[in-house]
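Engineer: Turn these sequences into a full structure, and let the hints steer you where they fit.
Number of protein chains: 2
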Amino acid sequence: MSKFYGVGVGPGDPELITLKAVNLIKNAKYIFSPKSRDNSMAQNIVKDYLKGKEIIELEFPMGKDNAERYMNAAKLAEEKLKSGDIVFITLGDPMTYSTYIYLLRELEKLNIETETVPGISSFTAAASRINQPLAIKNENIYICDSVPEKDVLEKCETVCILKCNKNKSEIIDLLEEYGFNYYFIKRVSGAEELVLTEKDEIVKEDDYMSIIIGRKN
Amino acid sequence: MSKFYGVGVGPGDPELITLKAVNLIKNAKYIFSPKSRDNSMAQNIVKDYLKGKEIIELEFPMGKDNAERYMNAAKLAEEKLKSGDIVFITLGDPMTYSTYIYLLRELEKLNIETETVPGISSFTAAASRINQPLAIKNENIYICDSVPEKDVLEKCETVCILKCNKNKSEIIDLLEEYGFNYYFIKRVSGAEELVLTEKDEIVKEDDYMSIIIGRKN
Numbered sequence: 001m002s003k004f005y006g007v008g009v010g011p012g013d014p015e016l017i018t019l020k021a022v023n024l025i026k027n028a029k030y031i032f033s034p035k036s037r038d039n040s041m042a043q044n045i046v047k048d049y050l051k052g053k054e055i056i057e058l059e060f061p062m063g064k065d066n067a068e069r070y071m072n073a074a075k076l077a078e079e080k081l082k083s084g085d086i087v088f089i090t091l092g093d094p095m096t097y098s099t100y101i102y103l104l105r106e107l108e109k110l111n112i113e114t115e116t117v118p119g120i121s122s123f124t125a126a127a128s129r130i131n132q133p134l135a136i137k138n139e140n141i142y143i144c145d146s147v148p149e150k151d152v153l154e155k156c157e158t159v160c161i162l163k164c165n166k167n168k169s170e171i172i173d174l175l176e177e178y179g180f181n182y183y184f185i186k187r188v189s190g191a192e193e194l195v196l197t198e199k200d201e202i203v204k205e206d207d208y209m210s211i212i213i214g215r216k217n
Numbered sequence: 001m002s003k004f005y006g007v008g009v010g011p012g013d014p015e016l017i018t019l020k021a022v023n024l025i026k027n028a029k030y031i032f033s034p035k036s037r038d039n040s041m042a043q044n045i046v047k048d049y050l051k052g053k054e055i056i057e058l059e060f061p062m063g064k065d066n067a068e069r070y071m072n073a074a075k076l077a078e079e080k081l082k083s084g085d086i087v088f089i090t091l092g093d094p095m096t097y098s099t100y101i102y103l104l105r106e107l108e109k110l111n112i113e114t115e116t117v118p119g120i121s122s123f124t125a126a127a128s129r130i131n132q133p134l135a136i137k138n139e140n141i142y143i144c145d146s147v148p149e150k151d152v153l154e155k156c157e158t159v160c161i162l163k164c165n166k167n168k169s170e171i172i173d174l175l176e177e178y179g180f181n182y183y184f185i186k187r188v189s190g191a192e193e194l195v196l197t198e199k200d201e202i203v204k205e206d207d208y209m210s211i212i213i214g215r216k217n
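Chains A and B, in that order, are what the protein sequence lines are. Under the working numbering, residue 217 is the last one in the first sequence; the count climbs by one each step, no gaps. Under the working numbering, residue 217 is the last one in the second sequence; the count climbs by one each step, no gaps.
Take the hints with a grain of salt, since some may be wrong.
Copies of the same chain look alike in the list, so a pair counts if it fits in one copy or across any two.
Cross-link-like lysine-lysine pairs, in silico, DSSO-like; alpha carbons within 27 angstroms at most [what the hints assert, rightly or not]:
(1) 29 with 204
(2) 64 with 163
(3) 109 with 75
(4) 137 with 216
(5) 137 with 35
If you're looking for bench data, these hints aren't it; they were derived computationally from the structure.
Structural biologist: Right, dumping it as structure tokens:
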């Protein structure tokens, strides 16, 4: 019986992929790859394992209602699963702000058997990169993808703002107000990785694959 | 020049380790392994790569002031680095509620060059296991290791309570009050993995390697 795997391939460094992801990709007949700004990155991470596979690129344009596209992708998966396993590759972790989640919901409606395989999230890799803890004992972590909530900043020692290319000035002002040190990490672990800690430099950057990590004390 | 690597080995499944972790362990001369309840798990994950290495077990008893032990471990690392690389293995991710963070601070005091390598966190693996998102667009994630803060529960769509063997009844009451569905995941991805969704069953469990994930709607 063939299966649909949603597989995280990590943040960018081809070594930051799990053995499980590599093995599933090697054994799959079909690779589903979301066609987007990040597409070349995800495919690039796994390029050594793609030989002989049918690669199916799926288009889910950002900021559009893709409901029908997800439904059609699920139907295509149903058809392809008759002849072999599918691995859907996703940058970072499939359960963390990923388009995979919308596709998963459609697959479930069709009663397709799915297994999700976690990947290294960008924020986890970024914390390691700057050698700062996400949390030690009794601390709270807050993860978001837009301007953080003040009530939450008050109660958390670490905040990670993902996909951070908008409102950076407002975000940094908030972090300063609530006593956070901050780090901007662009394309963590990849060839174009950049770490910044100065506000005036950070606000000049404009890349969707960026994170700000705030850390109290 | 030798280097000290703090390396996450993932949550339990030996396939949920990164290629980078495997390669660093294979090339290291020394493996530092915290001796604790989780010790056998971390060493078990990497057991295939340990041949010919000197394994140094470090004791950091839970709930005790280990400041001197961390300092001594850092001094031992300084000595051993004269003859080869050290990999400190840590279950899950080294920057997420790990003892590695305390050791890292001592290594930094001695100006020892360190590199931290992220691992799959238990909460990431648990979300994949239950096929529930940690977040979709515009949602907030809250991660903690004790009874969650009410103000934060109000503003977040997902909450992950790690190392959850205490106050489970109080935690579940709170999650119900704030409109969360909940899942209890013990030893995710390991041989003793268990997923529960009924309060009366969850409160009977008593294992430190457990997570509760709450998810609104």
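Engineer: Give a verdict on every hint.
Structural biologist: Outcome of the hint check:
no. : hint         : verdict
1   : 29 with 204  : neither (43 angstroms within a copy, 43 angstroms between copies)
2   : 64 with 163  : within (17 angstroms within a copy, 39 angstroms between copies)
3   : 109 with 75  : within (10 angstroms within a copy, 57 angstroms between copies)
4   : 137 with 216 : both (14 angstroms within a copy, 26 angstroms between copies)
5   : 137 with 35  : between (40 angstroms within a copy, 18 angstroms between copies)
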